[in-house]
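Sequence lines, in order, name chains U and Y. The opening residue of the first sequence carries number 1 in my numbering; numbering runs sequentially from there. The opening residue of the second sequence carries number 576 in my numbering; numbering runs sequentially from there.
Watch out, some of these pointers could steer you wrong.
Unchecked claim - Counterexamples of contact, computed for chain Y against chain U with all Cβ distances above 10 Å:
hint: 1; residue: 600
hint: 2; residue: 691
hint: 3; residue: 692
Unchecked claim - Quick partial rundown of chain Y residues pointing at chain U, CB under 10 Å, derived from the structure:
hint: 4; residue: 576
hint: 5; residue: 590
hint: 6; residue: 595
hint: 7; residue: 610
hint: 8; residue: 614
Think of the hints as simulated: they come from the structure by calculation, not from any bench. No residue lacks a Cβ here, since even glycine has one placed at the ideal position from N, Cα and C.
Residue strings, one per chain:
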Amino acid sequence: MKAKIGVYICHCGSNIAKIVDCEAVREYISTLPEVAIARTYKYMCSNPGQDLIVQDIKEHGLQRVVVAACSPRMHERTFRAALQAAGLNPYMFEMANIREQCSWVHDDPQAATEKAKALAQAAVRRVVHHEALEQMTVDMCPNTLVIGAGIAGLTATLELAEAGQKVFLLEKQDHLGGNLARVDLTAPYLDSARDLLIERITRVRSSGNIELLLNSRLQQLQGYVGNFTATLSRTGHDGPGTGKIREIQVGNVIVCTGYREFAAERVTHFGYGKLPDVITSFDFEKMLQAGRIECCDGTIPKYAAIIHCVGSRSAEFHGYCSRVCCMTALKYVHEIKSAVPSCYVSDLYIDMHAFGKGHEDFYRRTSEVKTMFLMFGKGDHPIIRSAGPKDDCKMLIEVNEQLSGELIEIPADLVILMVGMEAQEDAMETARLVNISQDKEGWFIESHPKLDPVATTTDGIFIAGTCVAPKDIPDTVAQARAAAARILARIAKGKIAVDAVYAEISDDACSGCRICNELCPYSAIEYDDKKKRSHVISAMCKACGACVAACPSGAIKGRHFTDQQILAQIEGVLR
Amino acid sequence: MAIRVNPKIIDDLAVYGAEDVQLCYHCGNCSAVCPHADEFNVFPRKPMRNLQMGLEKKLERSLEPWLCYYCGQCSEQCPRGAEPGETMMSLRRWLTSRYDVTGLSRLFYRSWKAEMIAILVLALLTGVAFFLFGMLRGDIHVYSGPGAFLPSSAVHLFDWSMAGVLAALLFVNSLHMWRLVFGSKDGPKPNLFMYLKHLPQLPWHFLTQNRFRTCQERNGLWLIHLLLVASYLTMLVLIMFFLPTMQSGPEIRWTVHTFGYAASIGLIGATIFMLHGRLKKTRTQFQHSHKSDWLFLIMLVYVALTGVLQHIAHRAGFPVAANLVYIMHMMGVVPMLVLEVPFSKWSHLAYRPLAMYLAAVQRDALLGRSSQGGEILAPRRIA
């Protein structure tokens, strides 16, 4: 039986129509024997545009549909939904991209029109071979594993637990709070980090839905979204239960493993480790928590200096900005000035990044307490040396000051190095365990940096907080809550739909060579030891096609990307 | 060689009135809007930066504060409220105390009480001295002519001696200013020709305040300032050269007194304008008043009014009252001149023209140096 295909050519306002002669494309396409109907329309994605398809399917009994318009990334889902609304299987649809791949990139109308014809024809040829596919659903285990009990982990855990869901909170250390527990006050409102944490920790400890796993690490994560099995082990030296292995069932995982501070010893010119009164921001936090600002000999500093961007924004170490150090430095100024009002504080920065809510105001207030702000150039760092016996200070900082162009020397008794954030040393291991990617700096990569900032390319694995990139507390908390919200939405559904497009291995043709096992970037292929065959976990497969192309036996078929479909498409392009 | 910063300078300057300097984040709007800033003198931004960084030596040798007439545009344009105009004003006060070799200026600027005590002591000494002098030598019922309580010849002699002492002090301080500006080893070294070439600038700026005129488009203060200066000078000439005629009477000597009346009206009018402005904060430059500003204006009004009053008392036939008011007048004049001319606000009569003269000399010296193939010292203005 000859297929009845409807073809719709979109003007996209003038985006397509100003280069491509849509009418000529329509005329050409309607000569193809399978095409029952061909139309042009100003905006196919608009409601009237979609209605056109629905009406034609109902009136003319169309069996397949081609839309020649923009990229399928943009509107494939829109048109598939239209097909479904008209009672057709949504996979009986193909899109020809005559905007991004044609009108936007060409300026010869005649040639562009010819190319549009070819692309539309290819889609028609391909859609003939489309098969009706059914979406699968899998059960969603409502338990969640949260890795890391810093402010991100605690927040996500509480959000899930207070919605009535079971959460396993995994922490490698013996206490909760992560890096935030090492901080005294927070910028810009100077409220106590301890207060922020204590309230959360109390709620976590008293919740019946939370199982707290301190001194524990993830050893292995198997399965797929909704159905993970996590293997955990107890760490620690000789505490009770060391080395004990435990398996838990979870549906989703949130990775909140945080950051570690940049090791100041790596920067040699600041004399950290040699000059005893050159300390890092975390050393200073410890001093603040202890309640006394002092030099190593117990004296109160007359001059304090703060140096920004230690390890950050440098060609030698990390190129990125650690985002929180500028405001933390301003916080230190306030803490020093309130504890030792007579102390002169100089603040050496490259650029002052005061981007957040209340930050600019905080910067201003820091100016008001008479901070000496000094700007140095990237790659032209200050140099610290011990002062002479005649000087009234312990150290002298030499810096080529940018705003004045002067080479100056600043007295200092205490120097605080604002060390940046870097990825945890075990970040690579974590990434491997949960099958997510890292960027060149070691931070975990989001599914989309702007539109999908908490999901990853592995379904069911979410990331939040400073394991993704340096960020401040509000951003971390927002991300943690977003991850929890995403998971709660999935739990509420109970089941999760899995795309019908995935790879399938024919048991009869598979030789059990296991090439595909190693190749699969999503760990979606398992090897069955008994049958000596590989098989695809369809819920985990992203249909990238790597295994299909690699299989030496031709045993793997990509659903919706069959050889027949692809070859027909190529023939269509070549006409 | 790195310059050592002195972080304490900022606290010192706050006493002189520069309280908001650290708010500046160097956008440069102030220097862009300033009609006087050029490639050699980038102010107010540069002096503000030197002040923020506590570069004491740089500030000390800087002429820039004197090149500013405080039109206030910079403060109005400042996005941070760092008050660049007021900072320049404060720097002028600070520089005045730096130029002063006696250290009294610093004491008076920093302590309002010390200044008050000095004024009272001087006033009291003057009062007692003149009273005793009058009682010993003259008759309190006679104002002028033979047997006068305070004969004009004696007062004249006193005026000239005081003028001599004050001029000498101011001269020494001005020399100190010159040494600070050109005294550093690495600074520009002008030759004699450069000094001679620009010499006419001294009387020119002293008499016309021509530079102020370019700010005047905006606020008209130049005219008022010019009126004030003209009135002062007229009064100075009258007192130094025509005192016997001034004091004679009771009939009015129109050839001399006409000038006296005009100068008095100018003095009182301009001073009341300034006082009113500072009280009501009518202009940007009147927003912040240092204690020394008030003291100066109050003393001026007092001196002008007592001067007028003794004149009236004398002409109206009340010699006793005229003599007593005369003493009161001198009790204002002496502290005002002794304190203000070498140690405080009034010293700008010398420092301003001198600064403009030295700036012109310095510019020549810098250009001379850069044309010798040395480093380029001043950034060029982008055309």
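Results for each hint:
| no. | hint | result |
| --- | --- | --- |
| 1 | 600 | violated, 8 Å |
| 2 | 691 | holds, 29 Å |
| 3 | 692 | holds, 29 Å |
| 4 | 576 | holds, 8 Å |
| 5 | 590 | violated, 13 Å |
| 6 | 595 | holds, 8 Å |
| 7 | 610 | violated, 23 Å |
| 8 | 614 | violated, 14 Å |
Hint check: violations occur at hints 1, 5, 7, 8; the rest are consistent with the structure.
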